[in-house]
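Take the sequence shown: its position 52, counted from the start at 1, is 52 in full-length UniProt numbering, and no numbers get skipped.
These aren't lab readings, by the way, just hints derived from the structure by calculation. Treat the hints loosely; a few may be bogus.
List of simulated lysine to aspartate or glutamate pairs, EDC-like, C-alpha gap at most 16 Å [unchecked claim]:
id	residue 1	residue 2
1	K106	E139
2	K98	E139
3	K98	E135
4	K98	E132
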Amino acid sequence: MEQRSQMLKQMQLSRTEREREAQLIHDRNTASHATINDKAEGGLDRVHMTWTKEKLFTERNRNRECNSNVVVRDLFNMKPEWESLNQSNVRRMHTAVKLNEMVVNKSQGAHLVLLNMPGPPSNRGGDENYMEFLEVLLEGLNRVLLVRGGGREVITIYS
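Start from the sequences and build out the full structure, keeping to the hints where you can.
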């Protein structure tokens, strides 16, 4: 969980960018499965990308400008970590700790714990906080199934 929240912090994507990124990953996976199936069925068709020197230089310059802008922006936005903590995040973590204590106490002999959870918040920094909340909430629990829904759904498990 910590690695996921670290990755989210490093990516610094907006909600629409995150959705596009997820769609790209999905498209790549489906495309790779399709190409594997095509290779098994028939001959190989290859596409060769051609780069001119002009394209190469413009791409390099664009990447350099983008990277330098990010570094300068980060320098101006640096704050100590304790300053960035606000009261609502502290309250959420306190809630997660208390919920964790209750769930661990009530489910000591359980083989599986089902938790009905809301979806992640829609604001930009909400995903990181949500992942940290889940990490604290699930600490000490062996098998947990997180279910997203409004509570009206019926879950039937046969063992």
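Violated hints, by number in ascending order, as checked against the structure | Going through the list in order, the structure violates no hint and respects every one.
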